[in-house]
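J.: These are the residues of each chain, in order.
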Amino acid sequence: MIALLLRDLRLAVRAGGGFGLGLAFFLIVVVLVPLGVGPETALLSRIAPGILWIGALLACLLSLDRIFALDREDGTLDLLATAPLPMEGIAAVKALAHWITTGLPLVLAAPVLGVLLNLPAGGFAWLFLSLLLGTPALSVIGTFGAALTVGLKRGGLLLSLLVLPLYVPTLIFGAEVARRGAEGLAVEAPLLLLAGVSLGALALLPFASAAVLRVTLR
Amino acid sequence: MSLLSASALSVSRGGVPVLDGVSFTLGAGRALVLRGPNGAGKTTLLRTVAGLQPPTAGAVDGTDRVAYAGHADGLKAMLSVSENLTFWAAVFATRGIDAALDAFELRELADRPAGTLSAGQKRRLGLARLLVTGRPVWVLDEPTVSLDTASVALFAEAVRRHLGQGGAALVATHIDLGLPETDTLDVTPFRAAPRAAVQDEAFL
Numbered sequence: 001m002i003a004l005l006l007r008d009l010r011l012a013v014r015a016g017g018g019f020g021l022g023l024a025f026f027l028i029v030v031v032l033v034p035l036g037v038g039p040e041t042a043l044l045s046r047i048a049p050g051i052l053w054i055g056a057l058l059a060c061l062l063s064l065d066r067i068f069a070l071d072r073e074d075g076t077l078d079l080l081a082t083a084p085l086p087m088e089g090i091a092a093v094k095a096l097a098h099w100i101t102t103g104l105p106l107v108l109a110a111p112v113l114g115v116l117l118n119l120p121a122g123g124f125a126w127l128f129l130s131l132l133l134g135t136p137a138l139s140v141i142g143t144f145g146a147a148l149t150v151g152l153k154r155g156g157l158l159l160s161l162l163v164l165p166l167y168v169p170t171l172i173f174g175a176e177v178a179r180r181g182a183e184g185l186a187v188e189a190p191l192l193l194l195a196g197v198s199l200g201a202l203a204l205l206p207f208a209s210a211a212v213l214r215v216t217l218r
Numbered sequence: 001m002s003l004l005s006a007s008a009l010s011v012s013r014g015g016v017p018v019l020d021g022v023s024f025t026l027g028a029g030r031a032l033v034l035r036g037p038n039g040a041g042k043t044t045l046l047r048t049v050a051g052l053q054p055p056t057a058g059a060v061d062g063t064d065r066v067a068y069a070g071h072a073d074g075l076k077a078m079l080s081v082s083e084n085l086t087f088w089a090a091v092f093a094t095r096g097i098d099a100a101l102d103a104f105e106l107r108e109l110a111d112r113p114a115g116t117l118s119a120g121q122k123r124r125l126g127l128a129r130l131l132v133t134g135r136p137v138w139v140l141d142e143p144t145v146s147l148d149t150a151s152v153a154l155f156a157e158a159v160r161r162h163l164g165q166g167g168a169a170l171v172a173t174h175i176d177l178g179l180p181e182t183d184t185l186d187v188t189p190f191r192a193a194p195r196a197a198v199q200d201e202a203f204l
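Residue numbers (full-length UniProt numbering), protein chains in the order written: chain A, 1 to 218; chain B, 1 to 204.
Next comes chain A alone, as it looks inside the complex:
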């Protein structure tokens, strides 16, 4: 399991591994938004939490189809399935590797990019915390979607369509935590719901992904 995680991380940082793809996309979205909506600071600071969350979500979506498709193409997935690793463990490790290479850089970059959108000073900690809680759910749900579409050639469009509705609760509660935090309101309710969504996804979806992988490998 640890070997699989280390291999995925090593592959991600080597040439063509796709590390930084999501981060670069996130950076581009956040830099372009002020150019698109104009330099009005009051407007920017009002939409900042939502834009940062949507940017992070789309950046995450961008790299999902790599999770299993590359291993499927070169036959590694078949060989892993015959290895003494539980399929649930493979799905969980894949999601963890995706989070470390995509989710975690987004979490760390978001407060820095918040400055560009004039995020109110009180909102930085909540933005950071909401992304830290929410991005693992994005990775786990995305891994489930990737497992569903792994048998399809060019399954990227279907993957996006399947995963986006599942991302909605995370987006709503995550952006709500960041918005309320930025405006100095109470954040307990959306924060607890966001944590609930993440924990539920983390607990259940590796099993669902494993079941789906067994079917798609046939």
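Simulated from the structure, these hints should not be mistaken for lab results.
Here the structure is a predicted model, which means the values were calculated and not measured.
Treat the hints with care, as some may be off.
[To be verified] With a straight-line cut-off of 25 angstroms between C-alpha atoms, the simulated DMTMM-like cross-links for lysine to aspartate or glutamate are: (1) B:Lys-122 to A:Glu-73; (2) B:Lys-122 to B:Asp-148; (3) B:Lys-122 to B:Glu-108; (4) A:Lys-153 to A:Asp-74; (5) A:Lys-153 to A:Glu-88; (6) B:Lys-122 to A:Asp-74.
[Unchecked claim] According to the in silico footprint, chain A covers these stretches of chain B (three or more CB under 8 angstroms from chain A): (7) 51-58; (8) 86-92.
[As the list claims (entries may be wrong)] Anything over 12 angstroms on all C-beta distances counts as not near chain A; from chain B, calculated: (9) Ala-8; (10) Glu-105; (11) Val-152.
Glycine included, C-beta positions come from ideal geometry on N, C-alpha and C.
Use these hints to put chain B onto chain A, whose structure you have.
T.: Chain B in isolation, oriented as in the chain A frame:
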């Protein structure tokens, strides 16, 4: 002692039955060569034996003793030869890739990225992976594709050594490997009668 056995095995591919009622036992030190024309169902049978898909009827015993090598070698182009082997050794919780490097003469290529190898060298690396799995039953699907004569001899030697150490091998191949202790199973007589599976599909 039987390392791998199948009894009255029926397999299907994409919902279409391909083989019906295949039975065999494979003991230590034995090799079984599968023969049959293209599309006869050799690959499907091997995938079922390796546990990648469930049989439609019958049972396989010994799936957890199988090291499977299919058409794809499962190599990562950006990892070096030794990194690829070390990864599989870690996955199968075995130690040491030296024996595998030597058996397939990969020592000089150890630091080359797998993506820069030739097709035959990749295949040799894919077969070397079998040695690091430490599993007794090798299930091989066309293992000699893109190998030159010298490499085929290396491979045959590796299989012979594996059988000598109490292993077993189930090989789908069209060429004669010159192995001792070999049985041959022609899958052609087990071809499933084509039947309309359309109405079953509608309920899936």
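J.: Quick check: which numbered hints come out false for this structure?
T.: Result: no hint breaks.
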